[in-house]
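Peer 1: Each chain, written out:
Number of protein chains: 2
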Amino acid sequence: MQTLSKNAPMPVVRRLPKYHRNLKELLEEGITKISSKDLSERMGLTASQIRQDLNYFGGFGQQGYGYNIEDLIKVIEDILSINNKYNCIIIGAGNLGKAISNYILNLDGNAKVLAMFDVDAGKTNKIFNDINIYNMSELKDYLKKNEIDIAILAVPKSSGVEVAKDVINNGIKSIWNFSTADIAVGNDIVIENMAINESFYTLTYLISENKK
Amino acid sequence: MQTLSKNAPMPVVRRLPKYHRNLKELLEEGITKISSKDLSERMGLTASQIRQDLNYFGGFGQQGYGYNIEDLIKVIEDILSINNKYNCIIIGAGNLGKAISNYILNLDGNAKVLAMFDVDAGKTNKIFNDINIYNMSELKDYLKKNEIDIAILAVPKSSGVEVAKDVINNGIKSIWNFSTADIAVGNDIVIENMAINESFYTLTYLISENKK
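As they're listed, the protein sequences go chains A and B.
In terms of numbering that gives the first Met the number 0, the first sequence opens at residue 0 and continues consecutively.
In terms of numbering that gives the first Met the number 0, the second sequence opens at residue 0 and continues consecutively.
Think of the hints as simulated: they come from the structure by calculation, not from any bench.
In this text, all values refer to a predicted model and were calculated from it rather than measured experimentally.
Treat the hints with care, as some may be off.
Since copy identity is lost for identical chains, a pair holds within one copy or between any two.
Below 30 Å or equal to it, Euclidean Cα-Cα: the simulated DSS-like pairs (lysine-lysine) are [unchecked claim]:
id: 1; residue 1: K84; residue 2: K210
id: 2; residue 1: K73; residue 2: K210
id: 3; residue 1: K164; residue 2: K73
id: 4; residue 1: K210; residue 2: K139
id: 5; residue 1: K143; residue 2: K156
id: 6; residue 1: K84; residue 2: K164
id: 7; residue 1: K156; residue 2: K122
The following block holds chain A by itself, in its conformation from the complex:
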């Protein structure tokens, strides 16, 4: 099956995990093929939206037959690289860092948190979820000795930019940023911001629209 991921706009990419989850559930229910109409009802999107989204990835449904669910799942997993392994570290071992480490433990994927770091001596030299919490002063040495794919920033906004610089200078190529700091990175670095503010203000927008 041909994939055209290079041409997909980011909003389409961001919808893929939702497709993935729904298709996996269908497969578990013993369903092997589905029409765009049935999938649209399940997912709360329009059938034409679904056809358009899946066409980006070469998932062409057959007329009168629909989509082969197993094929679609494989294509989506391939595009999102869900089945790769990702070694992560978390910078910041406060409530947010710990919540993220819980989350990753439950994530249906191959991400693993190998270490956490904090500047606060009261939080370091401890173990949480079987993960060692090191002092930030040990970061450089740790990154020399361990191959880490993703640095997760769970630090206050005020230190986000500095911590990002720090991990990049020590060889990190991918950042998952929960810090709400605006972090500019070079073209060779990948950054994904967990947009908590955007989500909250989307909620307040929906609340005001709901009252109209």
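Please build the complex by placing chain B on the supplied structure of chain A, with the hints as guidance.
Peer 2: This is chain B only, laid out in the frame that chain A set:
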């Protein structure tokens, strides 16, 4: 200034907080007007994307003058209802619930967490960030006596649906869901999901694209 928020697609709405933040920063730097070109360079969007986005909300820049920053900020704040007050409760007083309460304390808005709830007796009858943590058995009574706008779900995926039902049955109209559970609600209820999975798989997609 005329606003056309009703017609704006959600991706545009989700970009507005970023516009808001950048425009506020410009104002603090003493800048009062800006061209779509300058704004696009600052925000990493194309100038035509910016013109298109802002046109949805009646923010029409004048030829050769650009956008009046103060006006745009007012329109965006009005659309997102940023300046309203929001009384929130958090269900789940673990690391995630506590991280969210920290986040809301630092939020540049008028959201306030009035209470937290948990089923775990080891977490209740305590105070965190000056917020009382109650037992879930007290929720019904609490919601009768207090006017709450938003229930924030910081519970495990397994209890997300049940807790959502619980708060809705007790009069809550708006939910901010951090639980990763898929929660279906009626048309009179507003729900915004903090899409952690979507964000993680967007990151893994970007990582794989970066390696090509």
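Peer 1: Each hint: holds or not?
Peer 2: Outcome of the hint check:
| no. | hint | verdict |
| --- | --- | --- |
| 1 | K84 - K210 | between (45 Å within a copy, 15 Å between copies) |
| 2 | K73 - K210 | between (42 Å within a copy, 20 Å between copies) |
| 3 | K164 - K73 | neither (36 Å within a copy, 34 Å between copies) |
| 4 | K210 - K139 | between (52 Å within a copy, 24 Å between copies) |
| 5 | K143 - K156 | within (26 Å within a copy, 36 Å between copies) |
| 6 | K84 - K164 | within (24 Å within a copy, 36 Å between copies) |
| 7 | K156 - K122 | both (19 Å within a copy, 27 Å between copies) |
Figure legend: structure checked against the earlier numbered hints; the only hint not met is number 3.
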